Amino acid sequence: MNKKKKIEFSAYAFLIPAGIIYLSVIIAPVFYSLYISLFKWNGIGDMQFTGLGNYVKLFTDDKIFAIAIKNNLIWIALTIIVTMSVSLALAVLLNNQFRGRTFFRGFFYFPCVIAPIAVAIIWRWIYNPNVGFINQFFKTIGIDYAQSWISDPKVSLFAIFAASLWQAVGQPMILFLAGLQSVSVDVLEAATIDGAGSVKKFLYVTVPLMKETFIIVIATLIVSAMKVFDVVQGLTAGGPANSTQMLSTYMYSQTFQYNNVGTGTAVACVMVLMMMLVIVPYVSFTAKEN
Numbered sequence: 640m641n642k643k644k645k646i647e648f649s650a651y652a653f654l655i656p657a658g659i660i661y662l663s664v665i666i667a668p669v670f671y672s673l674y675i676s677l678f679k680w681n682g683i684g685d686m687q688f689t690g691l692g693n694y695v696k697l698f699t700d701d702k703i704f705a706i707a708i709k710n711n712l713i714w715i716a717l718t719i720i721v722t723m724s725v726s727l728a729l730a731v732l733l734n735n736q737f738r739g740r741t742f743f744r745g746f747f748y749f750p751c752v753i754a755p756i757a758v759a760i761i762w763r764w765i766y767n768p769n770v771g772f773i774n775q776f777f778k779t780i781g782i783d784y785a786q787s788w789i790s791d792p793k794v795s796l797f798a799i800f801a802a803s804l805w806q807a808v809g810q811p812m813i814l815f816l817a818g819l820q821s822v823s824v825d826v827l828e829a830a831t832i833d834g835a836g837s838v839k840k841f842l843y844v845t846v847p848l849m850k851e852t853f854i855i856v857i858a859t860l861i862v863s864a865m866k867v868f869d870v871v872q873g874l875t876a877g878g879p880a881n882s883t884q885m886l887s888t889y890m891y892s893q894t895f896q897y898n899n900v901g902t903g904t905a906v907a908c909v910m911v912l913m914m915m916l917v918i919v920p921y922v923s924f925t926a927k928e929n
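So the number in our numbering is just where the residue sits in the sequence shown, counting from 1, plus 639.
Simulated from the structure, these hints should not be mistaken for lab results. If you're wondering where the values come from, they're calculated on a predicted model, not measured in any experiment. Please note that a few of the clues may not be correct.
[To be verified] Taking lysine-lysine pairs in the BS3-like style, the calculated list, with each CA pair at most 25 Å apart, reads: (1) Lys850 / Lys778; (2) Lys702 / Lys793; (3) Lys793 / Lys778; (4) Lys709 / Lys696; (5) Lys850 / Lys840; (6) Lys696 / Lys866; (7) Lys840 / Lys866; (8) Lys793 / Lys709; (9) Lys866 / Lys679; (10) Lys702 / Lys679; (11) Lys866 / Lys709; (12) Lys866 / Lys702; (13) Lys850 / Lys839; (14) Lys850 / Lys793.
[To be verified] Taking CB as the label site, the calculated pair distances span: (15) Gly690 / Ala757: 20 to 30 Å; (16) Phe868 / Lys696: 19 to 29 Å; (17) Lys850 / Ala728: 16 to 26 Å; (18) Leu804 / Phe924: 43 to 53 Å; (19) Asp833 / Ser663: 28 to 38 Å; (20) Val770 / Ala835: 50 to 60 Å.
All C-beta atoms in this analysis are idealised placements derived from N, C-alpha and C, irrespective of residue type, glycine included.
Given only the sequences and the hints, what does the whole structure look like? Please build it.
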């Protein structure tokens, strides 16, 4: 018995360095940010305690913050509907046996390894109103639809989402592929014998058996949508007229451009809270499933 306890203590001892790093790099900054959000501070001078003043101002007297939340919610909806649908469709197609399947899997996953700011630079050229690929393509085929894609408040948010979609589908596609390959062939064959077609097998057999995969994909997509920053900052920096302002870009501008560190940190804390509303139920569900 003593030997067993000694082994368990030794195992925990190996976790201590990682635990210290996690506490100092992740947990401590979260509580420090929460502390700073209670002050009015420019990052250099004296800190003036305001309590929940920064939060009250954000939710009652900050129109840009309201726009940022609305845009984040729109982005989350687009991510769940469009990104997940495209990723699932690609996974289903690439799960079939055909020549070049490995190449196309790598082809669609490759954008994931590109830095998001590099993606923004690439798409800034693609969206260029004068020499960009999209407008030139429309001119070539004789369609008068050329416009300033990221300078028009009506379409800029959707244009940025389209740019991010190119990079975002790879990771959920791989997760869906793993889920599809975990479905037992025997179950699918039994459904075929019972007379189920391809569509019915997918909807009534494959999808229910991939429940955990869908939950993982949805949770990761929502969290990534909440903290989207690089592509938006690289293409529009929240403009034009705050039409693409996100919580992350608003936090950045308040903290580093206007030196409102308290306000910027309060925005960051709101982001963390919104992500926790997704992460906590997900962790609870997976714990129950296990």
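Inset, instruction - Enumerate the violated hints, using their earlier numbering and listing them in ascending order. - result: 1, 7, 14, 15, 18 and 19
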